[in-house]
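Enquirer: Sequence:
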Amino acid sequence: MTETSQAAACPNDSSSASSQKAGVSLPLFPLGQVLATPGALELLQTYQLSPLSFIQRHVVGDWGDICAEDRQVNADALQYGSRLMSAYAITPTETLWIITEADRSCTTLLLPQEY
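For the sequence shown, the residue numbers in this note's numbering are 3 to 117.
You may find that some hints are simply not true.
[Claimed, not checked] Label pairs and their in silico Cβ distance ranges:
id, residue 1, residue 2, range
1, Leu54, Ala91, 24 to 30 Å
2, Gln47, Ala79, 25 to 31 Å
3, Ala79, Leu37, 14 to 20 Å
4, Tyr82, Leu28, 18 to 24 Å
5, Ser55, Ala79, 20 to 26 Å
6, Gln58, Glu96, 16 to 22 Å
7, Asp72, Gln35, 21 to 27 Å
8, Ser52, Leu28, 16 to 22 Å
9, Asp78, Gln50, 31 to 37 Å
If you're looking for bench data, these hints aren't it; they were derived computationally from the structure. Since this is a predicted model, take the numbers as computed values, not measurements. For glycine and all other residues, C-beta sits at the position ideal for the given N, C-alpha and C.
My request is simple: use the sequences and hints to build the entire structure.
Expert: Put into structure tokens, the structure is as follows:
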């Protein structure tokens, strides 16, 4: 993630940009209980991908393959405490979503069709 996109996702967090330079990424929010749907687990297993790598990206504000409008929604959610969402393209036709609830009680890995 570049400093520019980090700044867009986290406009009030100057420490994140300096942490990124040092190669250290600090969590921006609590994950709560981490859950995964059967479909998400099957997708990750099929492509031998670790769920942890996607969770780590999500919690530091690397929202993956979402549009600019959704990035702004996430930036606002960090400030005001609403739901956070990331989307990661696994293949051209398969995407992994990660959603952290507004109350930060849980974070779920799921497929779009399981929403």
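Enquirer: Taking 24 to 30 Å as the hint, is the beta-carbon distance of Leu54 and Ala91 inside that range?
Expert: 18 Å, violated
Enquirer: Check the following: the C-beta atoms of Ser52 and Leu28 are separated by a distance inside 16 to 22 Å.
Expert: 20 Å, holds
Enquirer: Take the C-beta atom of Ala79 and the C-beta atom of Leu37, compute their distance, and say whether it sits inside 14 to 20 Å.
Expert: With a Cβ separation near 19 Å, Ala79 and Leu37 satisfy 14 to 20 Å, so the hint holds.
Enquirer: Is the distance from the Cβ of Gln58 to the Cβ of Glu96 consistent with 16 to 22 Å?
Expert: 20 Å, holds
Enquirer: Given the range 31 to 37 Å, decide if the beta-carbon distance of Asp78 to Gln50 lies inside it.
Expert: 35 Å, holds
Enquirer: Taking 18 to 24 Å as the hint, is the beta-carbon distance of Tyr82 and Leu28 inside that range?
Expert: 20 Å, holds
Enquirer: Is the gap between the beta carbons of Ser55 and Ala79 within 20 to 26 Å?
Expert: Holds: the Cβ-Cβ distance is about 22 Å, inside 20 to 26 Å.
Enquirer: Between the beta carbons of Gln47 and Ala79, is the distance compatible with 25 to 31 Å?
Expert: Once the Cβ atoms are compared, 30 Å apart, the range 25 to 31 Å for Ala79 and Gln47 holds.
Enquirer: Verify the CB-CB distance for Asp72 and Gln35 against the hinted window 21 to 27 Å.
Expert: 24 Å, holds
In this structure, only the earlier hint numbered 1 is contradicted, and the remaining ones agree with it.
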